[in-house]
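So the sequence lines, in the order shown, correspond to chains Y and H. Position 28 of the first sequence, counting from 1, maps to 30 under the working numbering, and the rest follow consecutively. Position 110 of the second sequence, counting from 1, maps to 111 under the working numbering, and the rest follow consecutively.
Hints in this document: simulated from the structure, not taken from any laboratory. Predicted, not measured: the structure shown is a model, and the values here were computed from it. The C-beta atom is built at its ideal place from N, Cα and C for all residues, glycine as well. Be aware that a few hints might be false.
Using C-beta positions, here's what the derived DEER-type ranges look like [claimed, not checked]:
# : chain 1 : residue 1 : chain 2 : residue 2 : range
1 : Y       : Phe145    : H       : Arg147    : 33 to 41 Å
2 : Y       : Tyr304    : H       : Val153    : 38 to 46 Å
3 : H       : Ala152    : Y       : Lys95     : 53 to 61 Å
4 : H       : Arg147    : Y       : Ala34     : 33 to 41 Å
5 : H       : Val132    : Y       : Arg172    : 51 to 59 Å
Cβ-to-Cβ under 7 Å is the rule here; a few derived chain H residues that face chain Y [unchecked claim]:
#  : residue
6  : Pro12
7  : Leu96
8  : Asn98
9  : Phe100
10 : Ala102
11 : Ala114
12 : Ser115
From the structure, some residues in chain Y lie toward chain H, with a derived Cβ separation under 10 Å [claimed, not checked]:
#  : residue
13 : Ile106
14 : Thr107
15 : Arg160
16 : Arg163
17 : Arg200
18 : Arg211
19 : Ala221
20 : Tyr222
21 : Val223
22 : Gln322
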Amino acid sequence: MSTPAIDVGWGAVVQRVTPRLNGLWVLLGLIAVMALLPCIASPYALMLMLPFIGYGITLLGFNLLFGTTGLLSFGHALFLGVGAYTAAALTSKFGILSFELLLITAALASGLISLVIGALCVRYTRIFFGMLTLAFGMLFHSFLFKFYSVTGGDQGMRVLRPLLLGMEWRGGKTAFLTGPFYYYTLLLFALLGLAMWRITQSPFGLHLRAIRENANKAAYVGVQIFRMRLAAFVISAIYGGIGGTILAVTTGLADPELAYWTHSGNLVFMAVLGGSGTFAGPAIGALVFVLLQDFVMSVTQYWRFVMGAVLVLLVVFMPQGLSGTIEALVRRNGGR
Amino acid sequence: MQPTPAADNDPLFEAINVSKSFGVFKALRDVSFRVDDGEFVSVVGPNGAGKTTLVNVVSGLLRPTIGEVRFMGRDIAGIGPVELARLGMSRAFQLVNIFPALTVRETLAVAVASRLRRIGNPFRSLRRDDVLQADVERVAEVLGLRARLDAVASALSQGEKKLLDIASAFALNPSVILLDEPTSGVSSGDKHAIMEVLVTAARAAGVRAIVQVEHDMDLVERYSHRIVALQEGTVLADMVPAAFFRDPAMISAVIGTRPKTLGGMH
């Protein structure tokens, strides 16, 4: 008869600790493991981690909009494109190579563009919001694709190797990317993760959740729905712009495919895969997606089919995503 | 709360010759209505009499077709919910209206954060904001939800959800509270408990007036200082409960026949 008392204690501990520490610690733990990775992993594996860092940052922002505020964007890759093309234009057309300047400009550019697009989109919710963001994403893609003289059309634009903290790296491309660039962007990932955590734990973040839960009621307790949704949209776009810059430097190319709607779909896939209900879930989704895609592509040329099947299985059997399912398992074991 | 006896004071809020049409349908016709400091006013009437429209108009949600709505001397016609909350008028709804996945603490913090203007800095900590948290706990205490602070709203009982809805209206420290059938959908035992909590809380929180739309005549008689009866969009009567319940014509106009249980109380 003494067991139940212990179990109750367990349940209480799990409930108290889980929501506060879980998300941030999982993310920082993951980043800490990644910081040790260069000691053991091959350059190939490290090169795979770079897109994960780019997507991970993007997904942190994407989930502020999707998981926290309840707005599902199908055009978020637009901001990856803004970040990538900002990096390309600055490095190859204006000769600006400072990575810090690239990041700041990309953040500003995506922030400004999202302010305009967001002001139109966040007046709508659910499918209408999704369709509008999709439409803007497609518009931007066709702009990149058709304005050959400015954007290089389907050739894209080259992104030159940037200077980190004003310093030039003389080694080869892979050594640069898996060395200083890897640590630089990993640190950036940690800082932006911390910043996002603060946002989700603030009164501002609470207002966003209130909007997701019941916008009608939220207005009556003083929540400024339009302004809050727009703020979430802009913040998520800034994260997307920074993620896009990292992706473009990694590949050395700003490509219109980055802003294509299927790429937006991938972002949604990652969020669903990882679980949008938790803080670190979408970033984990990005990691699993990158690894899974790499593995499936190396095995079969029908990788799109396999990825599609994974998505179907996921939605049917794990609607809460990986993190949500793990959390439920932990909670169930903790409760018993 | 006690009404101020002198009628020469400026009203806390008033509707002056208000009409509201939806297309050809006239929901309100030339309604004048005032609420003074310290009053508990009940708006009664059969379905379709225009009660909810009246509340929507006086709370600035709907703009009257003709007429004026003033709150503490300010024109508030059509100002919308956020501005209304800022001015000090808050509303609770007929249907249970909660944030299902938020805890009681978080639900109250939403309102307290908007009142204390904590939204401008998105990096500010919610948990370590002692002033905000103390205020959340004070409101929970007054509304009897203190023990449920960490419960998720969707897991509360129906009565508790109602209380939470009302509590979040209180968390704005309003001068006026508008209640659209505050006790609908809860058992009759809980109704009285909720009304008691509400009136006590209003007194403790310094709420200056309560306006409620209510069907339960028992509650109306027991708590109101004044009854405004609507019928087909016009004011049929505006009188104290004693006078209202003495007039059989009034009662039958509003509720058909008077429930027997009430008769037994006198």
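Consistency of the hints with the structure:
no. : hint                              : in the structure
1   : Phe145/Y <-> Arg147/H: 33 to 41 Å : violated, 57 Å
2   : Tyr304/Y <-> Val153/H: 38 to 46 Å : holds, 44 Å
3   : Ala152/H <-> Lys95/Y: 53 to 61 Å  : holds, 58 Å
4   : Arg147/H <-> Ala34/Y: 33 to 41 Å  : holds, 40 Å
5   : Val132/H <-> Arg172/Y: 51 to 59 Å : holds, 55 Å
6   : Pro12                             : violated, 23 Å
7   : Leu96                             : violated, 10 Å
8   : Asn98                             : holds, 5 Å
9   : Phe100                            : holds, 4 Å
10  : Ala102                            : holds, 6 Å
11  : Ala114                            : holds, 4 Å
12  : Ser115                            : holds, 3 Å
13  : Ile106                            : violated, 18 Å
14  : Thr107                            : violated, 22 Å
15  : Arg160                            : violated, 36 Å
16  : Arg163                            : violated, 33 Å
17  : Arg200                            : holds, 4 Å
18  : Arg211                            : holds, 6 Å
19  : Ala221                            : holds, 4 Å
20  : Tyr222                            : holds, 5 Å
21  : Val223                            : holds, 4 Å
22  : Gln322                            : violated, 13 Å
Consistency note: the structure conflicts with the earlier hints numbered 1, 6, 7, 13, 14, 15, 16, 22.
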